[in-house]
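Visitor: With these hints in hand, go ahead and build the complete structure from the sequences.
Chains as they are written, first to last, in this note's numbering: chain D, 1 to 825; chain B, 1 to 469.
Please note: incorrect hints may appear among the correct ones.
[To be verified] A few chain B residues that don't get close to chain D, going by computed Cβ distances all over 12 Å:
{"id": "1", "residue": "Phe102"}
{"id": "2", "residue": "Glu125"}
{"id": "3", "residue": "Lys202"}
{"id": "4", "residue": "Gly340"}
{"id": "5", "residue": "Gly392"}
{"id": "6", "residue": "Phe394"}
{"id": "7", "residue": "Gly404"}
[Said to hold, decoys possible] Once the Cα atoms are required to be at most 30 Å apart in a straight line, the calculated DSS-like pairs of lysine-lysine come out as:
{"id": "8", "chain 1": "B", "residue 1": "Lys61", "chain 2": "B", "residue 2": "Lys37"}
{"id": "9", "chain 1": "B", "residue 1": "Lys95", "chain 2": "D", "residue 2": "Lys660"}
{"id": "10", "chain 1": "B", "residue 1": "Lys69", "chain 2": "D", "residue 2": "Lys789"}
{"id": "11", "chain 1": "B", "residue 1": "Lys69", "chain 2": "D", "residue 2": "Lys798"}
{"id": "12", "chain 1": "D", "residue 1": "Lys799", "chain 2": "B", "residue 2": "Lys95"}
{"id": "13", "chain 1": "B", "residue 1": "Lys61", "chain 2": "D", "residue 2": "Lys606"}
{"id": "14", "chain 1": "D", "residue 1": "Lys789", "chain 2": "D", "residue 2": "Lys777"}
{"id": "15", "chain 1": "B", "residue 1": "Lys322", "chain 2": "D", "residue 2": "Lys777"}
{"id": "16", "chain 1": "D", "residue 1": "Lys777", "chain 2": "D", "residue 2": "Lys722"}
The hints are simulated quantities; they were obtained by calculation from the structure and are not laboratory data.
Don't be surprised by glycine CBs; every beta carbon is placed ideally from N, CA and C.
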Amino acid sequence: MAPKAKSPSGTPLKTTPLSAPLPRKASADILSKSSLAVDDEPLPSGSTTPKVRKLAYPLPTHISPTTINNTESLLRFIILALICGAAIGSRLFAVIRFESVIHEFDPWFNYRASKVLVNKGFYEFWNWFDPTAWYPLGRTVGTTLYPGLMVTAGLIWHFLRLINMPVDIRNVCVMLAPGFAGLTAWTTYLFTTEMSTPSAGLLAAAFIGIAPGYISRSVAGSYDNEAIAIFLLMGAFYSWIKAMKTGSALWGMVTALFYGWMVAAWGGYVFITNMIPLHAFVLILMGRFNNRLYTAYSSWYVIGTISSMQVPFVEFLPIRTSEHMAALGVFGLLQLIAFVEIVRRLVPGKQFQLLLRAFVVLVFVVSFAALVVLTFSGWIAPFAGRFYSLWDTGYAKVHMPIIASVSEHQPTAWPSFFFDLEMLIFFFPAGVFWCFKELRDEQIFIIIYATLSAYFAGVMVRLMLVITPVVCVAAAIAFSKLLEAYIDPVIPESEEELEEATAHQPMSKAKAKKIAAAQQNKSEFNFTGILGGKGEKGVFGLDTRFAVVSVLSLFLFLFVYHCTWVTSSAYSSPSVVLASRNPDGSQNIIDDFREAYYWIRQNTEKDSVVMSWWDYGYQIAGMADRPTLVDNNTWNNTHIATVGKAMSSNEDAAYPILRKHDVDYVLVIFGGLLGYSGDDINKFLWMVRIAQGEWPDEVQEHNYFTQRGEYAVDERATPTMKNSLMYKMSYYRFHELFGGHPAQDRVRGQQIPSTGIQLDTLDEAFTSENWIVRIYKVKKEDPIGRELKAVSSFEGGKKLKKSASSSNAALASGAGGGRKSRPNM
Amino acid sequence: MRPSSLLLAPILSLVSLAAARSATGDKVLVVLEPSLKKDDYSNFWKSLQDRGFELTFKEPKDRDAELVKYGELKYDHLVMFAPGAKTYSPTLSPKSILHAQFAGLNTLYVLSPDLTENNKEFLREYDLEFIDSSQTLIDPFNHPVDSSSSTVSLSPTSSLVQDIGEIVSPSTLSGGPIIYPSGTVHTTGDNPYLIDVLHASKYAYIGQDKLLSSDEAEVDKSLNAKGTKEPILNGKKATLVSALQTRDNVRVGFVGSTEMIKDIWWDKEVKTKDGKSIKTGNAGFISDFSKWIFQETGVVKIVDSTHHRKGETEPRELYTKKDDITYSLTLAKHYTTSNGTSAWGLFEVDDIQLEFTMLDPHIRTALKQDESAVVEQGTNYKARFDAPDRHGVFKFVVEYWRPGWSYLRSSQTASVVPLRHDEYPRFIVGAWPYYIAACSTSLTFLAFCALWVSLGEGDKDRKGKKKAE
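Guide: Printed below as a string of structure tokens:
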């Protein structure tokens with residue numbers, strides 16, 4: 001059907017009745033206005049009546065429209081380049097302050113995967129089985145990751161080598177996010193230009209370039225999927241709008257390619273998968289179905305779905321999971337409607353049309369019912385847990401503590417909206433309002449995007465990232481409308497004049513202004529406001545203009561200031577290296593993590609298994625190069641719960657778990673000495689909860705709270721807490737640091753009992769300079785078959801008395817320690 | 001636990017000493033209590049020297065009796081002949097002995113009823129519990145006629161624990177009675193590494209070696225005071241000689257009587273009740289036991305363990321699911337050649353198993369003796385199996401743990417991985433509907449396009465009319 005699109009693609013706005021001629025509004029920006037003056041947009045024939053316009057301030061008259069046009073393009077280009085520069089520059093705080101280092105947790109895995117990709121080639125990367133992750137289960141990495149990021153970095157690396165620039169892959173990885181942030185600014189400009197005017201586009205590009213909500217995920221070194229995903233998101237949306245407006249299959253294919261790249265890069269692609277169908281669906285409901293929409297959507301869906309299925313991790317998900325069903329459903333619906341449209345055109349007759357409508361509804365209902373049946377019969381997987389937690393915010397906490405335990409999955413606090421978006425969050429509704437006001441096809445997209453992402457951003461901190469682009473776009477639209485209104489020198493006619501004009505010629509206010517603009521040569525100006533002698537009332541006086549514009553500029557300055565401050569103070573810490581201030585103001589670098597990881601790397605056997613909470617799995621694999629039990633790819637809840645159980649049990653219960661999993665070293669993060677609050681004791685309750693989810697009889701959360709319901713680590717701590725492996729490992733020998741004074745935990749502000757903690761099954765192997773990382777070696781079984789508790793008391797000089805021995809034996813046999821059985825290896 | 005590590009640690013390291021018959025070495029330290037006369041045990045020393053051991057005698061308080069020097073063991077074996085010593089030099093303290101044992105020192109403890117409280121406390125670390133000092137094993141029915149009832153005569157067949165590898169040789173088992181004069185008694189606890197070797201006869205009991213007629217009141221008193229509380233140790237519960245083999249195959253022996261080693265019972269004839277004269281079995285038993293402790297008998301090692309895929313010879317780090325894997329293990333037993341040198345030979349058993357383990361054994365299969373394999377020494381065992389349909393880090397685990405034999409452990413790591421992207425079968429029958437669907441759709445589309453182009457736009461109206469009609 002596509003080739004049959006009847007309406008000429010040049011005038012996209014004339015086909016459906018609702019989007020009937022709404023000519024683009026003249027921009028208040030003088031330059032763009034003059035560009036519009038030479039625009040080829042057809043003016044209604046009757047609008048040529050000469051009219052004298054009032055101007056608020058003089059305009060140069062002797063510049064030709066071509067010059068203005070060229071200057072405008074040049075300026076736009078320079079501004080855009082500067083915005084890209086600013087976007088990249090503001091992300092470099094971390095590199096300048098610390099060094100070119102990979103940040104945080106997930107980026108370490110991505111970096112490691114990229115190294116495999118560039119060192120061993122693509123096929124090895126694809127088939128990569130990592131025996132060191134999730135020991136001993138292993139991880140088939142190639143088919144359980146989104147390879148887009150690594151492949152992108154790998155291509156850049158290869159390209160740089162091709163042009164004789166041998167750059168370390170690490171530097172490519174570190175600088176990837178800032179580079180793509182520059183590209184994001186560019187695509188946002190294009191996207192917003194489609195929505196509104198180029199000046200709004202420039203504003204949007206500037207906003208997205210430095211908005212902290214996006215910077216938080218894309219500083220140099222933050223080598224994560226989101227780093228390129230936002231660029232791809234905006235690219236896909238821009239090309240979708242373009243495809244939908246022009247009805248071009250080429251643009252539809254570009255959308256599909258962006259979409260395919262996005263699928264390869266980030267799990268958040270589901271957002272696009274649902275955004276575009278929703279947009280199309282809303283347009284259909286509004287009666288705006290046309291062949292352009294049909295062409296754009298069909299070409300996007302078919303090519304996009306096929307390309308997304310090439311990603312090994314996605315494979316058949318697009319046809320088997322509920323998240324993707326909306327896209328499929330809308331695709332089917334579009335086919336039906338297109339079919340009906342053709343038939344209707346060919347077959348006149350009201351009854352027949354009615355029949356057809358009924359047919360459409362029927363097919364829709366039937367296919368929806370089939371979908372539901374398929375879902376319940378299990379052929380189509382229901383929504384994944386993470387998606388349920390988007391609808392029911394309490395769901396994860398009850399059913400999936402593993403998801404709820406991630407800090408970025410928590411609901412967003414109100415201040416963080418302001419923190420991440422500053423004034424944009426106030427301009428955002430205004431921008432959405434403007435979209436409502438015009439309500440063209442593409443602006444409906446903004447409205448849907450804004451509504452959905454506003455909800456999602458409220459549910460999960462992490463999804464602040466998704467709302468940031470639309471906030472920037474909407475705020476830019478609102479902002480440019482405001483500036484437009486107050487910088488535009490044309491003073492619109494008063495009501496009476498206007499009525500006159502409309503009586504004479506039925507046209508909108510905007511059109512009137514436009515005509516006026518076309519004839520600006522004939523205009524005359526007189527100063528208004530205080531400058532002009534006679535008072536011009538209302539908002540069009542120069543004084544009002546000046547006041548509003550200067551306040552808006554002040555907003556912009558404050559915005560830049562705020563963004564820079566937030567970026568510098570909150571989002572530029574690599575988190576593997578910490579910085580603090582000495583009393584004299586100089587910077588003190590705390591490098592405990594790398595110190596400890598390199599200690600492991602250099603002092604342990606190549607195949608020693610390190611157990612830690614999953615947060616540190618990727619870092620251990622990346623920096624220490626040792627097998628880990630669990631890591632940040634939290635795919636196996638049971639395995640994580642096993643680690644949680646080992647951490648939260650007493651030594652007797654934990655030791656068999658450690659031995660069974662061949663654990664050689666246990667690593668804990670302890671911030672009590674330095675006041676580093678992200679330590680394992682603070683995460684401990686999550687370990688308990690996750691373990692409780694699997695073994696409700698053996699681990700119970702309430703045992704870790706005092707009778708008054710407090711989470712205490714001082715004398716009030718419960719015996720279960722004090723005997724837990726995590727507590728012991730954290731506070732082992734802690735009081736010795738204080739030389740007799742009470743030991744103070746600076747994170748929790750509590751005093752640690754100075755009674756020594758005895759560890760029977762573990763030996764302290766390493767403690768970093770500031771005690772942040774503590775590493776313990778797991779003891780082997782005693783060669784002569786004693787309990788390790790007995791060994792340490794023997795080494796401590798205690799002698800076994802007869803009674804003790806017999807009670808030990810009774811205890812051992814009673815507890816079923818299995819001593820007379822075969823010893824474990 | 002690590003890949004390709006054969007945890008037969010101490011045994012392998014010192015095999016090269018050709019002159020010794022022991023598998024580990026020939027340097028023996030004897031710590032002899034000053035109150036015991038060395039010459040009383042000359043036959044024992046001589047038998048050790050004849051077997052090629054160098055003996056060094058020290059007293060418990062000798063400061064130069066060092067077991068470990070510069071982190072290395074100075075001696076290979078230790079005979080602790082000092083049950084009554086109250087103090088030890090720091091180099092012979094319980095801790096240093098235990099640490100030396102962890103490093104590979106085989107130890108023979110010779111004990112007596114004079115065992116001091118300190119020593120008892122130390123021996124509890126091995127999970128042994130001894131009876132009170134001054135009490136001995138008494139058997140009023142089985143003792144040489146010219147000795148008191150505390151010189152217990154034990155029949156090898158009923159008192160020696162059998163089926164414990166090569167600890168006891170057949171000649172000892174069929175030989176004369178083992179005389180156990182004025183010895184102490186212990187019980188072995190739950191420790192899985194302990195092996196009972198010799199226990200008392202069912203008539204034996206624990207008591208003081210006194211004539212009953214001397215003072216009945218005193219006997220009554222002692223019975224009421226203590227005997228009621230103490231568990232009654234008699235018969236097979238009363239262990240006289242036991243052995244312990246640590247996780248690392250270091251051997252420790254406990255002999256409850258110093259007297260039984262004395263020359264007076266060494267290959268001497270004793271008179272039984274029925275008047276016969278029988279040669280004692282002490283010499284044979286003590287030799288057997290010391291041979292075992294000093295790693296001369298019952299020593300087995302893993303010579304080699306390897307695995308490979310069908311059609312290959314070298315071990316791989318990665319196997320694919322469903323691969324045909326062959327695992328091969330070579331075991332060798334230590335023996336003493338006729339000219340008194342150490343050698344390794346065949347070790348033939350039929351109860352060895354291989355486990356292919358990831359957390360739990362996924363495959364457990366018997367290792368069968370492979371006669372055809374050519375090995376330099378020892379016996380080759382093989383198992384062939386298909387890798388499980390589960391990816392992960394697996395271990396080839398062999399554990400052979402039989403009392404009296406060296407504890408054999410082998411663990412090698414290899415990963416089982418899914419098929420590579422290009423290893424899946426192609427053009428399978430089940431996929432034909434999909435191939436046909438793809439091809440037919442493409443062809444139909446082409447045909448449709450051809451029709452479309454050839455019919456052209458001009459025909460459209462006509463077609464539309466036709467349809468409308």
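Visitor: Work down the list of hints and note, for each, if the structure agrees.
Guide: Right, here's what the structure says about each hint:
Interface exclusion of Phe102(B) from chain D breaks down, the closest Cβ pair being 5 Å apart, not more than 12 Å. Here Glu125(B) does not stay apart from chain D, with its beta-carbon only about 6 Å from theirs, under the 12 Å limit. The beta carbon of Lys202(B) sits about 24 Å from the closest Cβ of chain D, which is more than 12 Å, so the claim that it is off the interface holds. At roughly 31 Å from the closest C-beta of chain D, the C-beta of Gly340(B) stays outside 12 Å, upholding its exclusion from the interface.
The Cβ of Gly392(B) sits about 5 Å from the closest Cβ of chain D, inside the 12 Å cut-off, so the non-interface label is violated. Not every C-beta of chain D lies more than 12 Å from that of Phe394(B), the closest at about 8 Å, which undercuts listing it as non-interface. In this structure Gly404(B) is separated from chain D by more than 12 Å, as the shortest Cβ-Cβ distance comes to about 16 Å. For the given pair, Lys61(B) sits about 16 Å from Lys37(B) by alpha-carbon distance, which is consistent with the 30 Å threshold.
For the suggested pair Lys95(B) and Lys660(D), the alpha carbons sit about 29 Å apart, so the restraint of at most 30 Å is met. For the hint linking Lys69(B) to Lys789(D), the alpha-carbon distance of about 28 Å falls within 30 Å, and the restraint holds. This hinted pair checks out: Lys69(B) and Lys798(D) have alpha carbons roughly 26 Å apart, not beyond 30 Å. Of the pairs offered as hints, the one joining Lys799(D) and Lys95(B) holds, with about 11 Å between alpha carbons and a cut-off of 30 Å not exceeded.
Of the pairs offered as hints, the one joining Lys61(B) and Lys606(D) is violated, with about 44 Å between alpha carbons and a cut-off of 30 Å exceeded. A hinted pair counts as satisfied when its Cα atoms are at most 30 Å apart, and Lys789(D) with Lys777(D) qualifies at roughly 16 Å. Taking the CA atoms of Lys322(B) and Lys777(D), the gap is near 36 Å; set against the 30 Å cutoff, the hint is violated. Between Lys777(D) and Lys722(D), the direct Cα distance comes to roughly 20 Å. Compliance with the 30 Å bound is thereby established for this hinted pair.
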